[in-house]
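Enquirer: In case you want the letters, here they are:
2 protein chains.
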Amino acid sequence: MYEIDVPFEEEVVDITTDITERQEFRDKYNPTGQVPILVDGEFTVWESVAIARYVNEKFDGAGNWFGRGTQERAQINQFLQWYAYTLRLGGGAFHWNIFGCLIYGEKPYSPKFTAEQNKGRTLLYEAMGTLENYWLRDREYVCGDEVSYADLAAFHEFVSHEAGKIIPDRVWQGFPKIAAWFKKLSERPHAKTVSEWQYTNVGKMIRGELTASMFKRKTAVLKGTEVFSGHNHGIPYLNEKAEDYFKRVEKEGAAVA
Amino acid sequence: MYEIDVPFEEEVVDITTDITERQEFRDKYNPTGQVPILVDGEFTVWESVAIARYVNEKFDGAGNWFGRGTQERAQINQFLQWYAYTLRLGGGAFHWNIFGCLIYGEKPYSPKFTAEQNKGRTLLYEAMGTLENYWLRDREYVCGDEVSYADLAAFHEFVSHEAGKIIPDRVWQGFPKIAAWFKKLSERPHAKTVSEWQYTNVGKMIRGELTASMFKRKTAVLKGTEVFSGHNHGIPYLNEKAEDYFKRVEKEGAAVA
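Protein sequences, first through last, are from chains A and B. Numbering follows the working numbering, in which position 148 of the first sequence is assigned residue number 148; successive positions increment by one, without gaps. Numbering follows the working numbering, in which position 16 of the second sequence is assigned residue number 16; successive positions increment by one, without gaps.
Chain A on its own, in the form it takes in the complex (with noise of 0.2 Å):
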């Protein structure tokens, strides 16, 4: 929006609370409790590839975004979908290593959790691979020679973990294509502005001045990427094990899954 030039006001949902986690923000806004949600008058639209769409659409965003042409539209649709099933869930690294140990009362780095950050890290470390060598091989950005939506998506991943100091230097080194776009895009005007919440609070939460007794939140926020105990974190409820959840399910159908 702020690319494009569309007026909006913002409301910032502290998912550090239990705010997406009531039942009243799931039926209002949206029935998985995940953040970014975008209302506009009476309808609303969740997701945030399925959010940038619509405003481009809507507000009569430049080509460069979505594409300009049947071919350049598909690169930026396929590189959409490849982050969603790699680079979006390689953000398992920053998940397990930051801010999945303050939600189950851990510091950050916990070893507890060390099969989620492995897991995480692998998947980081091979979408990274894809990125360097294979969608930025020869051009200035992820579809072209142009910035796309798919850059802004991208770059934000990579905003989880810079703030949460996740790749080491070493590693950034090896990757010099990715380190150069990553700046480039770190210097657009408005860069700082939708990264600050992110570089704040997980300053803090790296420093320990936000620790595991301030997170009221009980589940995880990154869906898909993490096994802990053989259950998956996403969902509420956390202390039963995985036969129990599938004998209630069978039990009682949708109501209960």
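A couple of the hints might just be wrong.
It does not matter which identical chain is meant; a pair holds if it fits inside one copy or across any two.
As the list claims (entries may be wrong) - BS3-like cross-link-like pairs, simulated, lysine-lysine; straight-line CA separation at most 30 Å:
1) K58 / K204
2) K247 / K204
3) K216 / K241
4) K58 / K247
5) K177 / K28
6) K247 / K183
7) K112 / K247
8) K165 / K58
9) K112 / K241
10) K165 / K251
11) K112 / K251
12) K177 / K112
13) K183 / K112
14) K58 / K112
15) K107 / K177
16) K28 / K165
17) K204 / K241
18) K107 / K241
19) K241 / K165
The hints are simulated quantities; they were obtained by calculation from the structure and are not laboratory data.
Go by the hints and put chain B onto chain A.
Expert: Here is chain B on its own, set in the frame of chain A:
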């Protein structure tokens, strides 16, 4: 392509073999080695959703497939994003009960993968809860009263579970809207054609006619859904510890990521 009458030549890529793991395949078609892939003259596009958008746009598919107006399109986009992080990852239930077992030399339903099976099933049941209670709450199809591409994507996901008998009858009974919707989509003219390979081959796997020793592939087909021994299966370094992989990336960079 069947639905909007676009002529094409089909080439089945047998994913029980190692064909998609070979570098020449990756260089020529898709760096991730995943299918489906569309080759349209000089232009190649992969990722099913990106392919569908491309074909629908290029061949002027009817408005129902990706939406007739801004809000309808936003709904379909929202569904396709939701789907990527939930229902699609619930495919781990199928993968780790059937396909993954054979890849890693075990019989279907191997108890070796209980944690992965549980995670997949948890994600699947959760996603089914949202599908039943939200997407299909008061309408015929997932994004409205007309069929859209969102239905085709979600339908195809359930085909794997149906072919692999992953969802027990008593669970189907608890999700009556999904069951009715699945039946309706199964009865579309082309449903059988596009799911034939799955039904035939998964049937052979369950009956023990297609065994682990017949599988040439060594890596998962469903990235991001699984952890095993703290190491992701989607990568080619199957017998390497995560920590050793990280050290290699730190030392050698993108070339080994």
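Enquirer: Among the hints numbered above, which are violated by the structure, and what are their numbers in rising order?
Expert: Hints 1, 4, 8, 12, 13, 14, 15, 16 and 17 are the ones this structure does not satisfy, whereas the remaining hints hold.
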